[in-house]
Amino acid sequence: GESVGLHLPTLSVQEGDNSIINCAYSNSASDYFIWYKQESGKGPQFIIDIRSNMDKRQGQRVTVLLNKTVKHLSLQIAATQPGDSAVYFCAENMTGFQKLVFGTGTRLLVSP
Amino acid sequence: DAGVTQSPTHLIKTRGQQVTLRCSPKSGHDTVSWYQQALGQGPQFIFQYYEEEERQRGNFPDRFSGHQFPNYSSELNVNALLLGDSALYLCASSFRTSGLGETQYFGPGTRLLVL
Numbered sequence: 646g647e648s649v650g651l652h653l654p655t656l657s658v659q660e661g662d663n664s665i666i667n668c669a670y671s672n673s674a675s676d677y678f679i680w681y682k683q684e685s686g687k688g689p690q691f692i693i694d695i696r697s698n699m700d701k702r703q704g705q706r707v708t709v710l711l712n713k714t715v716k717h718l719s720l721q722i723a724a725t726q727p728g729d730s731a732v733y734f735c736a737e738n739m740t741g742f743q744k745l746v747f748g749t750g751t752r753l754l755v756s757p
Numbered sequence: 068d069a070g071v072t073q074s075p076t077h078l079i080k081t082r083g084q085q086v087t088l089r090c091s092p093k094s095g096h097d098t099v100s101w102y103q104q105a106l107g108q109g110p111q112f113i114f115q116y117y118e119e120e121e122r123q124r125g126n127f128p129d130r131f132s133g134h135q136f137p138n139y140s141s142e143l144n145v146n147a148l149l150l151g152d153s154a155l156y157l158c159a160s161s162f163r164t165s166g167l168g169e170t171q172y173f174g175p176g177t178r179l180l181v182l
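One line per chain: the protein sequences are A and B, in this order.
For the first sequence, this note's numbering gives the first residue as 646, with consecutive numbering after it.
For the second sequence, this note's numbering gives the first residue as 68, with consecutive numbering after it.
Derived from the structure by calculation, the hints contain no laboratory data.
C-beta: ideal position from N, C-alpha, C; glycine also.
Hints may contain errors.
Stated by the list, open to error - Partial selection, computed: residues in chain B whose CB lies under 8 Å from chain A:
#1 Thr-72
#2 Ser-74
#3 Gln-84
#4 Ser-100
#5 Arg-122
#6 Gly-125
#7 Phe-127
#8 Pro-128
#9 Tyr-172
#10 Phe-173
Make a model of the complete structure from these sequences and hints.
Listed below in structure tokens is the structure:
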């Protein structure tokens with residue numbers, strides 16, 4: 646497959662560890678946030694989302710935290726597995742505007 | 068339940084040519100957005116189509132145009148191709164809700180190489 650990101654920030658973890666991926670978003674008026682996972686040669690895959698009226702949302706093995714004060718978003722992955730290796734993007738959206746604005750991405754490498 | 072599909076998967080063109088990329092949205096979705104993803108970067112919004120009309124456009128020149136058909140599928144056309152148009156072109160579909168952010172689901176993309 647083709648490499649999605651050649652010079653992205655990289656987080657290297659061991660299998661079974663918990664991973665935390667951070668994202669700073671740009672628009673204080675954004676009210677909807679999404680995390681996507683992108684594997685090499687594939688399109689972004691939806692992981693979890695959160696709206697601005699929430700601080701935390703949990704899914705299966707994933708948790709998203711939102712801090713609107715400092716415009717910060719994080720994705721926590723519990724018991725990270727080799728299949729979690731990918732590039733992770735946060736995206737923001739503002740109600741009434743159709744476009745998603747993506748962050749720069751973080752490459753997660755999980756070692757067995 | 069079929070997800071978002073795109074065709075072709077890969078395409079090679081030369082400068083000055085024109086290209087058409089195609090997208091079929093996820094079942095039940097009525098809105099299609101197009102994004103360009105350069106190598107090593109996040110996707111950049113090109114435009115979005117709903118009810119066969121362009122609803123919002125990103126910072127892309129008029130060489131980029133699109134269309135949505137009554138069955139909600141969509142095409143992206145790029146005229147007068149430049150080397151810098153080489154990228155992964157992503158289609159995302161969603162169901163339009165009133166006033167709230169819409170979850171967009173992406174297809175696998177079309178890799179365009181301009182020589």
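We went through each hint and held it up to the structure:
| no. | hint | result |
| --- | --- | --- |
| 1 | Thr-72 | violated, 11 Å |
| 2 | Ser-74 | violated, 13 Å |
| 3 | Gln-84 | violated, 22 Å |
| 4 | Ser-100 | holds, 7 Å |
| 5 | Arg-122 | holds, 5 Å |
| 6 | Gly-125 | holds, 6 Å |
| 7 | Phe-127 | violated, 11 Å |
| 8 | Pro-128 | violated, 17 Å |
| 9 | Tyr-172 | holds, 6 Å |
| 10 | Phe-173 | holds, 4 Å |
Violated hints, in rising order: 1, 2, 3, 7 and 8; the structure is consistent with all others.
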